[in-house]
Amino acid sequence: MNQDLVKIGELAKRTQISVETLRYYEKEKLLQPELRTGAGYRLYSAADEHRLNFVLHAKKVGFSLAQIKELLALRLNKDQHSCEEVKNYTGAKIAEVEVKIADLQKMHYALSNLYNACCGGSEKATSCAILSSLDDETLFTRKAK
Numbered sequence: 014m015n016q017d018l019v020k021i022g023e024l025a026k027r028t029q030i031s032v033e034t035l036r037y038y039e040k041e042k043l044l045q046p047e048l049r050t051g052a053g054y055r056l057y058s059a060a061d062e063h064r065l066n067f068v069l070h071a072k073k074v075g076f077s078l079a080q081i082k083e084l085l086a087l088r089l090n091k092d093q094h095s096c097e098e099v100k101n102y103t104g105a106k107i108a109e110v111e112v113k114i115a116d117l118q119k120m121h122y123a124l125s126n127l128y129n130a131c132c133g134g135s136e137k138a139t140s141c142a143i144l145s146s147l148d149d150e151t152l153f154t155r156k157a158k
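Our numbering numbers the first residue of the sequence shown as 14 and each following residue consecutively.
It is possible that some hints are incorrect.
[As the list claims (entries may be wrong)] Computed cross-link-like contacts, EDC-like style, restricted to lysine to aspartate or glutamate with a CA-CA straight-line distance of at most 16 Å:
1) Lys20 / Asp61
2) Lys100 / Asp116
3) Lys20 / Glu47
4) Lys26 / Glu83
5) Lys82 / Glu98
Source of the hints: derived by calculation from the structure; they are not laboratory data.
My request is simple: use the sequences and hints to build the entire structure.
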């Protein structure tokens with residue numbers, strides 16, 4: 014076996030992810046082993062590990078697997094794409110994150126209101142403001158204009 018190639022377990026250990034995750038990434042066409050042995054063992058090269066680290070880094074900053082596929086395509090064909098394209102792609106992701114942040118802020122506000130409406134006392138929860146509010150079908154529905 015080529016000394017520069019590693020089996021799936023070693024690659025998983027090096028990148029601190031599970032073998033199952035590596036197999037999933039392979040199934041999703043994010044990663045392909047350099048080759049397979051006659052016995053079917055996956056063998057990965059340094060380039061495969063580098064690609065996997067790219068995937069993991071992109072995932073950590075919030076890109077979905079579908080978005081990572083797009084980034085990998087841009088990365089593979091760097092000479093056919095501009096920095097502007099990559100920046101625009103990343104800008105779109107920032108806009109997506111900003112929407113999620115706004116949604117989380119609304120959720121935080123609503124939860125804070127529920128939390129503050131509750132007396133928090135030791136009495137029975139039969140008249141708990143939080144449970145009553147969550148039970149109220151009209152409280153969270155939007156009214157048609």
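Okay, the hints, checked on the actual structure:
1. Of the supplied pair hints, the one linking Lys20 and Asp61 holds, its CA atoms being roughly 11 Å apart against a limit of 16 Å.
2. For the hint pairing Lys100 with Asp116, the CA-to-CA distance comes to about 24 Å; that exceeds 16 Å, so the pair is violated.
3. Simply put, Lys20 and Glu47 have alpha-carbon atoms about 10 Å apart, close enough for the 16 Å limit, and the pair holds.
4. Between Lys26 and Glu83 the alpha-carbon distance is near 26 Å, which puts this suggested pair outside the 16 Å criterion.
5. A hinted pair counts as satisfied when its Cα atoms are at most 16 Å apart, and Lys82 with Glu98 qualifies at roughly 15 Å.
Hint check: violations occur at hints 2, 4; the rest are consistent with the structure.
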